[in-house]
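Assemble the dimeric complex from its two separately framed chains, guided by the hints.
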Amino acid sequence: MAVVIIGGGQGGFQTAASLRAEGYQERITLIGDEPGVPYQRPPLSKGYLLGKQEQRHTELRPAAFFETHRITRVTARATAIDRDARRVTLDSGEQIEYDTLVLATGARNRQLPLPDVFYLRTLAEAAELRQRLRDAHDVAIIGGGFIGLEIAAAARTLGKRVTVIEANPRLMARVVAPVVSEYFQAQHTAQGVEILLNATFESVRPKADLVIAGIGVVPNLELAQDAGLPVANGITVDASLRTADERIYAIGDCAEYPNSFAECSVRLESVQNAVDQAACVAKAIVGHAAEYAAVPWFWTDQYDIHMQMAGLPHGFDQVVSRGDPESRKFSVFYFREGGLRAVDSINRPAEHLAARKLIGARVKLSPDQARDESFDLKAATT
Amino acid sequence: MPKITYISDSGTSRTIDVPVGDTVMEGAVQNDVDGIVAECGGNCQCATCHVYVEEKFLPLLKPIAEDEDAMLGSTASPRKSNSRLSCQLHVTPEFDGLVVHTPPTQQ
Numbered sequence: 116m117a118v119v120i121i122g123g124g125q126g127g128f129q130t131a132a133s134l135r136a137e138g139y140q141e142r143i144t145l146i147g148d149e150p151g152v153p154y155q156r157p158p159l160s161k162g163y164l165l166g167k168q169e170q171r172h173t174e175l176r177p178a179a180f181f182e183t184h185r186i187t188r189v190t191a192r193a194t195a196i197d198r199d200a201r202r203v204t205l206d207s208g209e210q211i212e213y214d215t216l217v218l219a220t221g222a223r224n225r226q227l228p229l230p231d232v233f234y235l236r237t238l239a240e241a242a243e244l245r246q247r248l249r250d251a252h253d254v255a256i257i258g259g260g261f262i263g264l265e266i267a268a269a270a271r272t273l274g275k276r277v278t279v280i281e282a283n284p285r286l287m288a289r290v291v292a293p294v295v296s297e298y299f300q301a302q303h304t305a306q307g308v309e310i311l312l313n314a315t316f317e318s319v320r321p322k323a324d325l326v327i328a329g330i331g332v333v334p335n336l337e338l339a340q341d342a343g344l345p346v347a348n349g350i351t352v353d354a355s356l357r358t359a360d361e362r363i364y365a366i367g368d369c370a371e372y373p374n375s376f377a378e379c380s381v382r383l384e385s386v387q388n389a390v391d392q393a394a395c396v397a398k399a400i401v402g403h404a405a406e407y408a409a410v411p412w413f414w415t416d417q418y419d420i421h422m423q424m425a426g427l428p429h430g431f432d433q434v435v436s437r438g439d440p441e442s443r444k445f446s447v448f449y450f451r452e453g454g455l456r457a458v459d460s461i462n463r464p465a466e467h468l469a470a471r472k473l474i475g476a477r478v479k480l481s482p483d484q485a486r487d488e489s490f491d492l493k494a495a496t497t
Numbered sequence: 009m010p011k012i013t014y015i016s017d018s019g020t021s022r023t024i025d026v027p028v029g030d031t032v033m034e035g036a037v038q039n040d041v042d043g044i045v046a047e048c049g050g051n052c053q054c055a056t057c058h059v060y061v062e063e064k065f066l067p068l069l070k071p072i073a074e075d076e077d078a079m080l081g082s083t084a085s086p087r088k089s090n091s092r093l094s095c096q097l098h099v100t101p102e103f104d105g106l107v108v109h110t111p112p113t114q115q
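Chains A and B supply the protein sequences, listed in that same order. Sequential numbering of the first sequence, starting at 116, is according to this note's numbering. Sequential numbering of the second sequence, starting at 9, is according to this note's numbering.
Simulated from the structure, these hints should not be mistaken for lab results. Just to be clear, a hint being listed does not mean it is correct.
Stated by the list, open to error - Using 30 Å as the maximum straight-line C-alpha spacing, the simulated DSBU-like pairs for lysine-lysine come out as follows:
1. A:444 <-> A:167
2. A:444 <-> B:11
3. A:479 <-> A:161
4. A:493 <-> A:479
5. B:11 <-> A:472
6. A:161 <-> B:11
7. A:444 <-> B:88
8. A:322 <-> A:161
So that you can see chain B by itself, here it is in the shape it has in the complex (with noise of 0.2 Å):
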């Protein structure tokens, strides 16, 4: 399964074996990784499941939607570059070794 690495604003990293055809999101949440709160469920209704991904893994993902587009222009913290909505991110082999960055506050 893909490893897929969670680091916490304040440093905390957690790897995490995540199936493949699960988002990125439910790798965290059914895991219990702190900084993921995905309070819809992963329908891109709610932006707390903003995470900021490590740039040269960018290519690897499929490009934003326009309802993650507009879902992230609702994120507590900035949107920068590198945001992403972790409920759209679907793992697939190629995202071994992903490393997100969660930001300071989701609500």
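For reference, chain A alone in the conformation it holds in the complex (with noise of 0.2 Å):
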């Protein structure tokens, strides 16, 4: 018996360490094509960029944990998968045998036809960002989502004369309400940095000596496609993260579910997604296998701003507000078909945490209700 976990970020690291927390003995081989041991995204865009944080904080363990759990991990890209003789291998020409598989294959940037633009995933063009941002003055970011407001938000607070150019008519049009939108233009306007809707690089051409691109990602399916399974948005699996090969699981930036909530095929992007994906995987592998029902949560950190969102708020047909944005602590509610979907706080833990609750419990919340302080969310939970 064996498992081999093609990906080293959040999602392939987790199955492997969930795997030894579940009780499984036998061997478990993670593949990586970075060098170093794992290490988390979210602090790259943030407080790494900052200089608050150095590469070790960002170190999910360290070397000497995956000795101590024997987890080998091995630096290469595997290049094929023999479905057949389940077989993965590397580019290095080693081969390795399989009882199960994890793809865990995450996502790359999307790339404009442009020169000398920056981009930012790994560590490595963490480092170098840093270092750039560091001796730029004047810096331009083309997108106008939560990586390149992130960025943003670093390169003002490191002083630099910033400007957002972003092509939707509002800021992180794709998942947040206008409400939203509009808090977070007016914050980063506040801050001092330009912000140009509706545009593109092309049109703007503004004076800049360090251009930074986050305009979204591509998943890497190709692995998977190439051995035959069925792909999409996304490497397409069940309800309980299965492929279409019953030994091969995908989890994390790379896989498409059906997401209950959603009542749709969904390809999530974040921590929580790859972190519960893979507690999930590994519990199937030892033969506890369940359906995937996490409820969806993400956050992001822009200056002083803690945003945390619950659920998915896909095809939202109402949206109330709780709280005043000037008093820079509120609650987004989204409701779809008089059901709530989401929930978008800002610096109002309490309540994305209630949230997080009501919506996984498909609690019946009326908007009324989601915008009456008086009402009390987090007894609704229990």
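Written as structure tokens, this is what we have:
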């Protein structure tokens, strides 16, 4: 018996760690194409970029952890999966046999056909960006999503002149309601960031000695596709995160799974998704298969704004706010067909936690209750 | 460097030199101390770095902030008067000798 995990990011690491926590005793091989131990990506666009956190703070576990837990780390790129022989081929030519394979291949940054543009995903990229940011004066950021805005906040905090260029008519348009976009736009503007909406880099041509793009990602599907596994917007998996091959699972940024809250298939890019799916698959491998049913949650930090998001707002048809944005602490509730779907909480951690529980338990909450601050959300969860 | 002692629920004790400025959670994770999971990586999002701080050290700690208080309501082991999330405890020189107990379970 052996488990091979392709992908040394948060999901791959967590699969290995959870397997040992579940008592799995057989061989575990973790294949990753980056040097060093697995690390967290979220700090790379936040504390690490600001110089508040160092590389060692991003590392998920020290090298000794992998030895004591008998997790073999292989630094290589997997180039092929032979499903009949149950064998993975690496770019080194080495072949590794598996009984169960977990694909945690993640995603890569979408790139623009422009020269001299920097991107941020890996620790190596973050290290270079941190250095360049230190020396830069005028920073242009293409993309007004989470990554772009987090980098903008860091660059502005470091005293740089910052321009954000967003093709959509509002910030973070794909994931939040207009009221949230407007709040973040006002905060960035107040900090001195120039926000250009409905704009492209070519149309604007800002003065910049550092250009960074954060325009989304492309999931790494080629390995699965070449092995004949169905893929769509991600590697297609069932509710238990299993691919069409019963010996192969896919998790994290690369996997598209049926989400019972969104009532459709989704592919999510988040720590929570990677960690909880890894734990679910580890349980399945040791014989406790279950449908993956965790409530999705996300967070972003920009300046002193801590926004936590619970649920998936897909297709929302009603939005209500609880609390006044002027107070810098408020939550936004997303409803579809009368049911609560998602909640964004800005500097209101208790409401975020209540939201996770309300959505998870499918508690019936009305828009009027949501906006009424005298209505006890926490009590409604029990 | 301040020495911090982590005692597991089964009584295993590990004493670690933790750099000033790091968190009590990081001291555990970077030295492979069992009993602290830190799933979210120290962002006060998951409550899997819950510790019980020995009472006499409580006055040294900064007060519990709103986000930590909220997360402490979701710990897998019971919250007690000396419960803290170790990712929120940034080590100062005064922490030398600090003793924390890890709970029976974090998940």
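Handout entry: Proposed proximity, residue 161 (chain A) with residue 479 (chain A) (alpha carbon, max 30 Å)
Key = Cα-Cα ~36 Å, so violated.
Exercise for the section: Mind checking the alpha carbons of residue 444 (chain A) and residue 11 (chain B) for me, to see if they're no more than 30 Å apart? Expected result: 38 Å, violated
Problem - residue 444 (chain A) paired with residue 88 (chain B) [C-alpha distance capped at 30 Å] - result: Status holds; Cα separation ~28 Å.
Exercise for the section: Take a quick look at whether residue 444 (chain A) and residue 167 (chain A) sit within 30 Å of each other, Cα to Cα. Expected result: 25 Å, holds
Practice task
Below or equal to 30 Å on CA atoms is what counts here, so check residue 493 (chain A) against residue 479 (chain A).
Solution key: Judged against 30 Å, a Cα distance of about 13 Å means the pair holds.
Problem - 30 Å Cα cutoff - pair residue 11 (chain B), residue 472 (chain A) - result: Answer violated: residue 11 (chain B) to residue 472 (chain A) is near 38 Å, above 30 Å.
Handout entry: Restraint status (C-alpha distance of residue 161 (chain A) to residue 11 (chain B) at most 30 Å)
Key = Status holds; Cα separation ~29 Å.
Handout entry: Agreement of residue 322 (chain A) and residue 161 (chain A) with the hint, judged by alpha carbon distance not exceeding 30 Å
Key = Distance ~24 Å between residue 322 (chain A) and residue 161 (chain A) Cα, so the pair holds.
Going through the hint list in order, the structure does not satisfy hints 2, 3, 5.
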